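The opening residue of the sequence shown carries number 1 in the UniProt record's numbering; numbering runs sequentially from there.
By construction, these hints were calculated from the structure, which means they are not laboratory data. All figures in this text were calculated on a predicted structure; none of them were measured in a lab. Backbone N, C-alpha and C fix where the C-beta goes; we use that ideal spot for every residue, glycine too. Check each hint, because a few of them may be wrong.
Unchecked claim - Okay, the calculated beta carbon distance ranges per label pair:
| # | residue 1 | residue 2 | range |
| --- | --- | --- | --- |
| 1 | Pro148 | Ala174 | 20 to 30 Å |
| 2 | Glu180 | Arg149 | 39 to 49 Å |
| 3 | Ala112 | Ser178 | 36 to 46 Å |
| 4 | Tyr97 | Ser178 | 35 to 45 Å |
| 5 | Gly101 | Ser178 | 42 to 52 Å |
| 6 | Val141 | Ser170 | 25 to 35 Å |
| 7 | Ala174 | Gly101 | 18 to 28 Å |
| 8 | Gly74 | Ala112 | 19 to 29 Å |
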Amino acid sequence: MLAFRQGMSSVSDRGILSSLPLCCSRMPSMNDEFFMREAISLARAAECLGEVPVGALVVRDGVIVGRGFNSPIGENDPTAHAEIAALRDAARNLHNYRLPGCELFVTLEPCAMCGGAVLQARIARLIYGARDPKTGVHGSVVDLFAVPRLNHHTAVVGGVLADECGQLLSGFFAARRSRE
Numbered sequence: 001m002l003a004f005r006q007g008m009s010s011v012s013d014r015g016i017l018s019s020l021p022l023c024c025s026r027m028p029s030m031n032d033e034f035f036m037r038e039a040i041s042l043a044r045a046a047e048c049l050g051e052v053p054v055g056a057l058v059v060r061d062g063v064i065v066g067r068g069f070n071s072p073i074g075e076n077d078p079t080a081h082a083e084i085a086a087l088r089d090a091a092r093n094l095h096n097y098r099l100p101g102c103e104l105f106v107t108l109e110p111c112a113m114c115g116g117a118v119l120q121a122r123i124a125r126l127i128y129g130a131r132d133p134k135t136g137v138h139g140s141v142v143d144l145f146a147v148p149r150l151n152h153h154t155a156v157v158g159g160v161l162a163d164e165c166g167q168l169l170s171g172f173f174a175a176r177r178s179r180e
């Protein structure tokens, strides 16, 4: 049922997926798990580069249109978060800085900067894996997406493959602490 192009060589390559329904509910779906697994693969790529393992995808109409993973260390850029990279990639691929009708899949609850970018891009639906108790903006620290005065509202689904996403992060930080 699901087919995608093999041999993707860079973050900007597009994976072509069979047509999947775009769901805007607040409940996770089978498609959410499929795309979260793709985001986890990107997080692992970040980890291989010594970056905090966070990966993100932008999906429109069942097709991956943007990819990104954490790279602030390698790029010497504090804004080089997975979400920002995926949003930039999608905007370039779609030739539009607004991404209405798109979904963002990310392995970790977004921070304030990334949450703001999600709203600015007009993302319809945000799906994340693990909660971030230190900087998360979907209720862990604040709930940016629940502010009624904002001019755009994004539906949010949290906890998709949370254990797998959380284990990737906790394993990374445990290994880092053991080296220090």
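Check each numbered hint against the structure and report the violated ones by number, ascending. 1, 3, 6 and 7
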